[in-house]
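There are 2 protein chains.
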Amino acid sequence: MKNLILLIIVVIMSSIVAAQPPRAPQVEPLPEGFKPASTNTFISQYPAVNAKTRQAMFRVVAPEAQKVQLQLSGTHDMKKDEKGVWWITTEPLVVGFHYYAILVDGVAVMDRGSESYFGSNWESAAIEIPEGPEGDYYRFNKNIAHGQIRSIDYWSDINGKERHINVYVPAEYESNPNKRYPVLYLVHGWGEDENGWSIQGHMANIMDGLIAAGQAVPMIVVMPSGDIKTNSDVREASGDVTDIFAKNLVPFIDKTFRTKTDKQNRAMAGLSRGGFQTCITVSKNMDQFGWMGTFSGLFVRGDDGIENAFNGMFKDPTAFNKQMKLFFVSTGTEERSPKELVETLKNKGVNNIVYHESQGTAHEWLTWRRALYDFAPRLFK
Amino acid sequence: MKNLILLIIVVIMSSIVAAQPPRAPQVEPLPEGFKPASTNTFISQYPAVNAKTRQAMFRVVAPEAQKVQLQLSGTHDMKKDEKGVWWITTEPLVVGFHYYAILVDGVAVMDRGSESYFGSNWESAAIEIPEGPEGDYYRFNKNIAHGQIRSIDYWSDINGKERHINVYVPAEYESNPNKRYPVLYLVHGWGEDENGWSIQGHMANIMDGLIAAGQAVPMIVVMPSGDIKTNSDVREASGDVTDIFAKNLVPFIDKTFRTKTDKQNRAMAGLSRGGFQTCITVSKNMDQFGWMGTFSGLFVRGDDGIENAFNGMFKDPTAFNKQMKLFFVSTGTEERSPKELVETLKNKGVNNIVYHESQGTAHEWLTWRRALYDFAPRLFK
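Chains as they are written, first to last, in the numbering used here: chain A, 1 to 381; chain B, 1 to 381.
For the record, the hints were derived by calculation from the structure and aren't laboratory data. Careful, some of the hints might be misleading.
In this list, chains with the same sequence are indistinguishable; a pair is considered to hold if it fits within one copy or across any two.
Taking lysine to aspartate or glutamate pairs in the EDC-like style, the calculated list, with each CA pair at most 20 Å apart, reads [as the list claims (entries may be wrong)]:
{"hint": "1", "residue 1": "Lys35", "residue 2": "Glu162"}
{"hint": "2", "residue 1": "Lys83", "residue 2": "Glu64"}
{"hint": "3", "residue 1": "Lys161", "residue 2": "Asp136"}
{"hint": "4", "residue 1": "Lys322", "residue 2": "Asp262"}
Next up, chain A with everything else stripped away, as it sits in the complex:
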């Protein structure tokens, strides 16, 4: 009987793992000062981070490979030890969230010690170089009340397909069944998806903290996809995503949640391409949105200049100032600055701009967490 039972367990376990060998937690001790990255799967010790020196160590088991490289701020050769394990320790890195890849004989693959994060339109490895206590605003705080992120599929006739959204509701939403809330629509950037803000951005921790401290008004935050996803049966995307936002998504949200539906209680913001999409969406629907933000995303296409961009939204600054309570523009100091465009608009008479800079960060999620942290308290007041 004992053997039979063991056999059953072995059969069950081995059929679960299917094509892949079972893997136990890695238990070798890490070098002094290094800890598993917070972005790892829960059983992975590598990549490991030294919070003090901001160095990261990477490890790849690839005894048969000819060449293994790390792609992270450039491409770096890893070194093979006598067991066929490849290693590299980086130079000090900038704090924040960084995508990276491993090149195995020239093929860019995801390091499976990392959780996967959707970036560049595929599943990527990433590593967080932690901040000190100044990063507490985006970490889980067990001493405050927590909102929920709701995962919902809704039908879009423009897309011809169900679309997935995440919707943050504040902690108090459940216990106030008759109260209505303002809504912020918050869009990710190119190559990421509707999970970016909740996973890479830790937006729930940021909003929970701001609301618990009384700094932000309790609000609903809707995080849609900024892409028109194809249907494998059709395999062609049609429509305009900004129309999906205004014509399919907003009505669905107002039907499904206890929202305030006037424009003074509806804001939109996005990062990078999502900031661009925000400007397009708002400019086409000025009667629907009263607040807007673009994080690392103020740029224009074509040669018309910012004055004429976005369906001429800025052509009449007086009208724009009246229509829009806030136009929030942010950037990291280590990326291309939108300052010149902001100055142009200010000189033209746009006077509702708040300009925010994240010190020492580039085009990545630490910049955008800081932008949200500065932006959200300004809304709906």
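Following the hints, position chain B against chain A.
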């Protein structure tokens, strides 16, 4: 000005993609009868599936690699064409959800044409070989009302860390602010995580359909992690996950949601290892749970036999029959059968067992979707 604007766009876009080249949708036409797998990222044409022949085609760009293989029901060599692209078309596959890996010079990597699915404790590629209309019960139905899956972190003092759960609430939950609901706790298996039931299992579509058709009672479904995740600052897990379920999770759910809190309105089920964890949890808390299910998960450890397993829960069949309204046991016909254990229990006098078989499927998600579809309508009646 035009050049400056283009430069800005280029700088922004190239800093987004960081280490990885930008990738446009693949647009080569697929061979006759093949379509992109439903499990792909939205821009990936490969892997492609022929729904009629149930064959799959895989494609890997790896001009510098010496050997590329597919791991899916065994290991199969792929063939390189003159452009350095490796190809394979499989034999007909079994319908359902299959994890797979690509071996690049011996390293098992995730095919980045696929979405990532957490399996075997790391991020895996997978391919769904579609069923015909008989699979509609787990597909999105735009003509019915939809529940929500809520993503929540709660604090566990046993784990010493926040823990992530997904909680399904039925469509009507929002519009009945005074109604209370029964709760099903639903656990994933070894190597997967708390997202397994909602992503790989399509549980929301299954529950939405059953509830809309009046076949299942509207209920809350709580999907926790079956692992005690470590904290990178501590790097050692402690505690017993079944205690986390009973002592941290159940009270949190009853505090946070409008639940019915008596045992007749609390069920627990799990698949594979999650079925085992269900039997342990329920046996230690018979006053808390009135219904239980184990999908591909009825097995015992040690040499005591089923009669003595699970804290002696089956030792007094009369008492067990009285305590438990339902003991649901299921399996796929192509995996190790728990029939012998079920017969032993029945012969001993356990008379609340429902035994369910999924025809032609193995230890994978199609088996478990079918199990949930059969199990959920039996609850709380």
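Structure-based check of all given hints:
no.	hint	in the structure
1	Lys35 to Glu162	between (41 Å within a copy, 19 Å between copies)
2	Lys83 to Glu64	within (11 Å within a copy, 23 Å between copies)
3	Lys161 to Asp136	between (39 Å within a copy, 15 Å between copies)
4	Lys322 to Asp262	within (15 Å within a copy, 56 Å between copies)
Consistency note: the structure conflicts with none of the earlier hints.
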